[in-house]
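Engineer: Read off the chains here:
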Amino acid sequence: MAISLKVNGVVHSVTAEPDTPLLYVLRNDLALNGAKFGCGLEQCGACTVLLDGIPARSCVRAIQDIGQQEITTIEGLGTVDKPHPLQKAFMDEQAAQCGYCINGMIMTAKELLDRIPHPTEADVRATLAPNLCRCGTHNRIIRAVLRAAQANGKT
Amino acid sequence: MNAPNLSRREFAAALGGIVLSFSLAPRLALGQQPANLPGSLNGNRMLDAWLRINQDGTATVFTGKVELGQGILTALAQIASEELDLPLASIRMISGDTGQTPNEGQTAGSQSIEASGTALRMAGAEARSILIDLAAKRFSVAADTLTVSDGIITGRDGRKVGYGELAGEVDLHREATAKVAPKPPAEHKIVGKAIPRRDIPAKVTGGAAYVQDIRLPGMLHGRVVRPPRYGAKLEGFDEAAAKALPGVTAVVRDGSFLGVVAEREEQAIKARDALKKSARWSGGTALPDPAKIYEHLLSLAMDDKVISDKQAALPDGAKRVDATYHRPYMAHASIGPSCSLAQVQDGKLTIWTHTQGVFPLRATMAKALDMPASAIRCIHAEGSGCYGHNAADDVALDAALLARATAGRPVRVQWMRDDEFMWEPYGPAMVMRAGAALKDGRIVDWNYDVWSNSHNMRPGDPDGVNLLASWYLEKPKQPGPPRAAPQPAGAGDRNAIPLYDLPRSRITSHLIKEMPLRVSALRTLGAYANVFAIESFMDELAAEAEADPVAFRITHLKDPRAKAVLEAAAKAADWKPGQKGTGTSGRGVAFAKYKTLATYVAIVVDLELDRASGRIKVPRAFVAVDSGQIINPDGLTNQIEGGIVQSTSWTLHEQVRFDKTGILSQSWDSYPILTMNEAPSVTTVLIDRPNEHPLGAGEASQGPTAAAIANAFTAATGKRIRELPLHPERVKAALA
Numbered sequence: 001m002a003i004s005l006k007v008n009g010v011v012h013s014v015t016a017e018p019d020t021p022l023l024y025v026l027r028n029d030l031a032l033n034g035a036k037f038g039c040g041l042e043q044c045g046a047c048t049v050l051l052d053g054i055p056a057r058s059c060v061r062a063i064q065d066i067g068q069q070e071i072t073t074i075e076g077l078g079t080v081d082k083p084h085p086l087q088k089a090f091m092d093e094q095a096a097q098c099g100y101c102i103n104g105m106i107m108t109a110k111e112l113l114d115r116i117p118h119p120t121e122a123d124v125r126a127t128l129a130p131n132l133c134r135c136g137t138h139n140r141i142i143r144a145v146l147r148a149a150q151a152n153g154k155t
Numbered sequence: 001m002n003a004p005n006l007s008r009r010e011f012a013a014a015l016g017g018i019v020l021s022f023s024l025a026p027r028l029a030l031g032q033q034p035a036n037l038p039g040s041l042n043g044n045r046m047l048d049a050w051l052r053i054n055q056d057g058t059a060t061v062f063t064g065k066v067e068l069g070q071g072i073l074t075a076l077a078q079i080a081s082e083e084l085d086l087p088l089a090s091i092r093m094i095s096g097d098t099g100q101t102p103n104e105g106q107t108a109g110s111q112s113i114e115a116s117g118t119a120l121r122m123a124g125a126e127a128r129s130i131l132i133d134l135a136a137k138r139f140s141v142a143a144d145t146l147t148v149s150d151g152i153i154t155g156r157d158g159r160k161v162g163y164g165e166l167a168g169e170v171d172l173h174r175e176a177t178a179k180v181a182p183k184p185p186a187e188h189k190i191v192g193k194a195i196p197r198r199d200i201p202a203k204v205t206g207g208a209a210y211v212q213d214i215r216l217p218g219m220l221h222g223r224v225v226r227p228p229r230y231g232a233k234l235e236g237f238d239e240a241a242a243k244a245l246p247g248v249t250a251v252v253r254d255g256s257f258l259g260v261v262a263e264r265e266e267q268a269i270k271a272r273d274a275l276k277k278s279a280r281w282s283g284g285t286a287l288p289d290p291a292k293i294y295e296h297l298l299s300l301a302m303d304d305k306v307i308s309d310k311q312a313a314l315p316d317g318a319k320r321v322d323a324t325y326h327r328p329y330m331a332h333a334s335i336g337p338s339c340s341l342a343q344v345q346d347g348k349l350t351i352w353t354h355t356q357g358v359f360p361l362r363a364t365m366a367k368a369l370d371m372p373a374s375a376i377r378c379i380h381a382e383g384s385g386c387y388g389h390n391a392a393d394d395v396a397l398d399a400a401l402l403a404r405a406t407a408g409r410p411v412r413v414q415w416m417r418d419d420e421f422m423w424e425p426y427g428p429a430m431v432m433r434a435g436a437a438l439k440d441g442r443i444v445d446w447n448y449d450v451w452s453n454s455h456n457m458r459p460g461d462p463d464g465v466n467l468l469a470s471w472y473l474e475k476p477k478q479p480g481p482p483r484a485a486p487q488p489a490g491a492g493d494r495n496a497i498p499l500y501d502l503p504r505s506r507i508t509s510h511l512i513k514e515m516p517l518r519v520s521a522l523r524t525l526g527a528y529a530n531v532f533a534i535e536s537f538m539d540e541l542a543a544e545a546e547a548d549p550v551a552f553r554i555t556h557l558k559d560p561r562a563k564a565v566l567e568a569a570a571k572a573a574d575w576k577p578g579q580k581g582t583g584t585s586g587r588g589v590a591f592a593k594y595k596t597l598a599t600y601v602a603i604v605v606d607l608e609l610d611r612a613s614g615r616i617k618v619p620r621a622f623v624a625v626d627s628g629q630i631i632n633p634d635g636l637t638n639q640i641e642g643g644i645v646q647s648t649s650w651t652l653h654e655q656v657r658f659d660k661t662g663i664l665s666q667s668w669d670s671y672p673i674l675t676m677n678e679a680p681s682v683t684t685v686l687i688d689r690p691n692e693h694p695l696g697a698g699e700a701s702q703g704p705t706a707a708a709i710a711n712a713f714t715a716a717t718g719k720r721i722r723e724l725p726l727h728p729e730r731v732k733a734a735l736a
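Going line by line, the protein sequences match chains A and B.
Taken in order, the first sequence gives residues 1 to 155; the numbers are from my numbering.
Taken in order, the second sequence gives residues 1 to 736; the numbers are from my numbering.
Everything labelled a hint here was simulated from the structure, so no lab data went into it.
Zero decoy hints are in this set.
Reference listing, derived: stretches of chain A covered by chain B, where coverage requires no fewer than 3 residues with Cβ under 8 Å from a Cβ of chain B:
#1 16-22
#2 38-44
#3 67-76
#4 86-92
#5 98-111
#6 133-144
Just the calculated beta-carbon pair ranges, DEER-fashion:
#7 B:Asp501 x A:Ala122: 43 to 49 Å
#8 A:Val11 x B:Pro87: 42 to 48 Å
#9 B:Ile687 x A:Glu121: 27 to 33 Å
#10 A:Arg115 x B:Pro481: 53 to 59 Å
All C-beta atoms in this analysis are idealised placements derived from N, C-alpha and C, irrespective of residue type, glycine included.
Model the full assembly from the supplied sequences, consistent with the hints where possible.
Structural biologist: Shown next as structure tokens:
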């Protein structure tokens, strides 16, 4: 059956079972690579997207439950040529090794900076604690978020 | 080498468009003994196996090493750019493709810079010199009157010719001589610089960065249904019900291998769930009692090998110290479960894979599928970080088995989280026993034994098929025998021979042959456990000798580079000899030279302890690193810091849980890892040695980190924990 989803400002009609997790629709129907399958158990955060600006684990959110909420994926933040300040800060800090978790880090940090434009390091650590990184890039990720917050002040 | 090279060309012809010109080096064809060439040039001797000059003035660089998130393709591009005098943006990298690149085995053991980097350095220098000779001929001037910058060769009279204009003439289809000297480090403009990684922009913007992101036309989705425990036999399942589910296009059973293919990913997952419920399994192997796992391992058959035996007189009155250490099974636990795509067309199989070695995988896949290697092409695409031999190769065979049932349509298979935790090959559990005698503050005798399973059950084994699904087929394949690896690199005994100056020592490596849990290579192999044991023991000896741990180590070192990293780490940390812990805080130091032939690392960590909960926190680490000539300082720092943070996770939290019925670690709840709140901040001091060989660093900091944490715990509390991990229950037991 067809379900209508608003993703990065564009309304899409998607034909899939209503209980389909949003993640698979984003990746396979809309060809958006950003959100990643990590666990399917909302434990790791690799699949994080924003629903009306709030981080959500797309691996367990059925498309029938999204309703009118606006979905934002990392593709909706910026591009390589015109990156969002967070994306630019992650590039500037070289804040990735394998990078598989980085989507979730950036999307979770996006909501933090929307809420607290100038967070402390402790704020950043606490907010990102539910997102798992395996390569040990933690410090660079924290620095990138703090750098993006500084850029916030300048724009 | 003959057959694969020919078939590679045939294969490319079938693909169309790609012109390949691999061939045998002439002397090899004549059966003469070829001269040794440096790095991976030795096994891949033609210049055009490594690089081609294109008509647009760019160069295409081929490497058999692959990107694993360690930044290797950026570092190799830097080397090629430097030696060719081409801008970095003009270097196109092609890596890990059995149809196109040199065979460099596995990307493992922190050897890519040494092997592939050396080959590219020599090949690049030689290609540049060939291009200059061509320009000299064209201008009728002497080659040494020409200069090169950004791929433009300029004569004294101002005439210029670009590499692109010479592309038609330049013949790189010749055996490398390695006679052209690469640039001296003092002239380096790109090597040694913190160049941004090429892969990061796509990774932070949702670009197609991973094998998981490949979408082929007509692609289907597959999932596998693994047994509840090792070795169980599939007795039956409800095939009709699975086939009736929406979107299911094939249910594949071969012996006890069971998988399903569907039009949509969520349909494949639902079908997997249904098959899991209806599948009936019998038999399988019981696992050992986890409470007695180390005793059990020591009771199994083993091969013993003395790897160091130094005789000297034992002085009278020496004081003996003995201690035994343990490390549990540990998981690679990639954030992204393993994934692969496969397609069968016209009898040819193409695999997209995040394996660490496309050529070994192809060879083993051929045996598993009973098809010629020449009919298989393995193409690397990056996956989630693997940290060694995880399930990357296994899922490739799964995908191939499912792709045989889809009439030419490609299949994408990704493992589920529980598949990854329960079926990946773990880093082996190990036992380390150390003994020493002290006299007048010096170690006068040293005994060390390490017991471990094999750390190399990878694909590519000459005698067996090291791919999971192959053991469950109707006609099952057998894994290869457990293998040790020779010193100095070693495997279970990696870093079992310390760098310390020991007048008398006997070091024995015991390879336990039976493997109750599936095991293979995890980042550092045995080095993590051996350095944990040896460097914990060094602190125990320093305490016995009433010596400062930093000074005690330096006293026992001759190598000035080893002393230098210890001094630099101590200085960065403002280490104060005799500084006491507080009961809830303390600091510890450790040192190792990875594999005793690669990067030197010394580290000081600060530890904080919550005695009530038993929780340890490592707020800070100070590390000094000497990896010879530095190719990319930012990349090196990232690898060293990443190793410290990952090792903090290993050391504080990680062990694979199991009981007799099977593996209990099935999700992040049952295999917790370090969170953002717990990550130590790291101060890194790099000691650049531009005139020394560049050394691998990806695995250099993990062992020292573990020991420094254990030593800091002892400094804080006066208690010693000799069994990993230092999780709260164990900490509370030590304090009780």
